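Visitor: Per numbering that gives the first Met the number 0: the sequence shown = residues 0 to 665.
Treat each hint with caution, since some may be false.
DSBU-like cross-link-like pairs, simulated, lysine-lysine; straight-line CA separation at most 35 Å [to be verified]:
no. : residue 1 : residue 2
1   : Lys-301   : Lys-137
2   : Lys-422   : Lys-372
3   : Lys-607   : Lys-630
4   : Lys-180   : Lys-137
5   : Lys-415   : Lys-180
6   : Lys-624   : Lys-607
7   : Lys-643   : Lys-630
Estimated spans, in silico, between C-beta atoms of each pair [stated by the list, open to error]:
no. : residue 1 : residue 2 : range
8   : Gln-146   : Ala-196   : 30 to 36 Å
9   : Ala-242   : Tyr-213   : 23 to 29 Å
10  : Ser-182   : Ala-241   : 57 to 63 Å
11  : Ala-98    : Pro-193   : 44 to 50 Å
Calculated from the structure, these hints are not laboratory results.
Please read all numbers here as calculations on a predicted model, not as lab measurements.
Virtual Cβ for every residue (Gly too), placed ideally from N, Cα, C.
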Amino acid sequence: MAFDSHTDVHSLEAAVAAVPTQGQGQDVTVPLSQLFLSGNNVRKVRNTDDLPELAALIASQGLLHRLSVTAAGDGRFSVEAGGRRLAACQLLQAQGLYAADQAIDCRLYASDRAVEISTAENSHEAMHPADQFEAFAKLLASGLSEQQVASRFGVSVLTVQRRMTLASLAPRFIALFRADKISMDQLQALAHSPDHAVQIAAWDSLSEYQRSPYMLKQALTNEEVESDSRLAKFVGLDVYTAAGGAVRRDLFGEPDECWLQDVPLLHRLALDRLEAVASVEREAGWSWVETHGSMDYSAMSKFERQWPAPRAMTTEEADVMTLWEVLVQEALAARNALSRAYEAADEGSAEEAALASQRDNAERATENLSETKTALEASLVEWAPEQHATCGVIVTIDHQGRIDVRRGLMRPEDRKAHVQSLKKAGQPVPASLQGADAAKGERAVHSERLMLDLTAHRTAALQAALTDNTHVALALVVQRLIEPVFNQLHHRTAGGPLKVSATLTRHTPLSSRATEYAQSQAATVLDQVEARWGERLPGQDLFAWLLTQDQATLLELLAFGTASALDDMHAREGAERAQAGALAEALDVDMADWWQATPATYFDSVSKAQLIEAVTEACGAEAAKPMATQKKAEAVAHAAAKLKGKRWLPTPLRREVKAQPAQQAQ
């Protein structure tokens, strides 16, 4: 609408003259060319990214909110509030959609109210995106097309479609979004599934610290999951297929190899099983119980762990524990004997195959007996009522696909509140709650980062093996004590009765250097041993408790403590510690039992030539021939497929093969 210069100029003059007596301002129309942005406008920082959208909105619907102006005294009008709308109108003029004399709806105020008006209007809260979702939905429901809605709001059809997808999320997430407890990126990740139940299951399966858009997408993705994955093992193939889950099998794969295709269903079933266990824990009276699909070390480290107190065994319980101890020791002896016989058998012989089967059966029997004994030991403790009142439980899945129940977890805020309540009641605060506020001149085959990665895995394996070998652990500690005595007898002033220190290498050093450490067999063994001791050790007065234990218990604990401080990580080839090889030999550690080459753990980090060499070594030159013309990514995938299950190891992880003594002449 063009401005009528003859009629409207007089109207404007009259309005300017009358405005001092109009406290609430007066509606007027002003030619676009006579408007300029006031220096009194309080909004100094402006976002111009969405200015074209605003201009499109004004072009289609008109100016829905008048500009707030004051008379400048020179025939022009100063815009005190509505600077973005003015800029959008000027953009429309530049695009040829508005004339210079386009009539702009304004509200005229007295000049002395300029700052007041600007402050009041710029204090208005912007429309929440959730409100925009609902506005789009109402317009579409009224019969408008997506294209019409897009035109009215000056956005693309794709934007409308995306907003409507977000609007269709479970109401729980829209409510969280309004409360600023979930981000737009997280909403977009959840929108990968249209099923509200699947969205909620994915959200609940992750801890607060793991709900990144990436992790949420992973939980909702429709990619296939291998049957030997952690989640598939936890749910069980029979349960999954009984629930209608689709399975894909490879005609050229192993008989027991398959892929689960309905990942959302798999997550739902996992959550159902976790909830079943959690319900039992809730009935036990804990302050809170949560379920999580996984919990890594960094997430668990945010909690303070409380432990139960050991209780005295009855005569019957003592007899049962003695029996199980004997059974476990006998099973271990049988397993070790079979392992030695297997190593001595001729390679490829029928005897070797038979011994391998017997050894595996003995290994499973030993694990079953040990798990039963551990469960019996865990039952010989009791939780105090105040621990139930202040601590909680996390029910999760370990890296081997087994249920993992972490009891006695105290949130930082709960700990503070509990300590304050004890102090207020004049009760003593337990000690557990009193926290303090390659060779020189030669080019290395493996990079320093990869060497640290590989030797971190070997360190973890040595640690895990050491937990079950008190004799070697004791020898290591004795060496640590004796060496300084015979090292030139350096004299130092003692500051305490025993000067032995250990730097723990578990958790952060290993997990930060060993790729996929948390999923490794060594990490699982170490976590299980730590959990077992955590259930037995008292929360305070540890020394007094140790004095009451027998020597076997102390040696087992010594082995675990020694293992936790073991460090064989190094960044350069040729820098191996001489004792590390001897230690691996003493512990009979074969890294093929603890580590497997995958794209993440090895293949992505080496050259194509090294990939070809590895496949040739393990499978023969014919198997490696196609790799010569493949790109690096294709060669990585080829190597991973060929070496899977072959027990191949890179040189830094191999045990030294000792030369056999020559047979003496007869």
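Visitor: With reference to the structure, classify each hint as holding or not holding.
Guide: Now the hints, each set against the structure:
1. Lys-301 to Lys-137: Roughly 44 Å between the alpha carbons, so the hint for Lys-301 and Lys-137 is violated.
2. Lys-422 to Lys-372: Roughly 40 Å between the alpha carbons, so the hint for Lys-422 and Lys-372 is violated.
3. Lys-607 to Lys-630: Cα-Cα ~8 Å, so holds.
4. Lys-180 to Lys-137: Within the cut-off at roughly 25 Å; holds.
5. Lys-415 to Lys-180: Cα-Cα ~24 Å, so holds.
6. Lys-624 to Lys-607: Distance ~12 Å between Lys-624 and Lys-607 Cα, so the pair holds.
7. Lys-643 to Lys-630: Given that 35 Å is the threshold and the Cα spacing comes to 20 Å, the pair holds.
8. Gln-146 to Ala-196: 30 to 36 Å: Distance hint for Gln-146, Ala-196 holds at roughly 32 Å.
9. Ala-242 to Tyr-213: 23 to 29 Å: holds (27 Å)
10. Ser-182 to Ala-241: 57 to 63 Å: For Ala-241 against Ser-182, whose Cβ atoms are near 37 Å apart, the range 57 to 63 Å is violated.
11. Ala-98 to Pro-193: 44 to 50 Å: Roughly 48 Å apart at Cβ, these two residues keep to the hinted range, so it holds.
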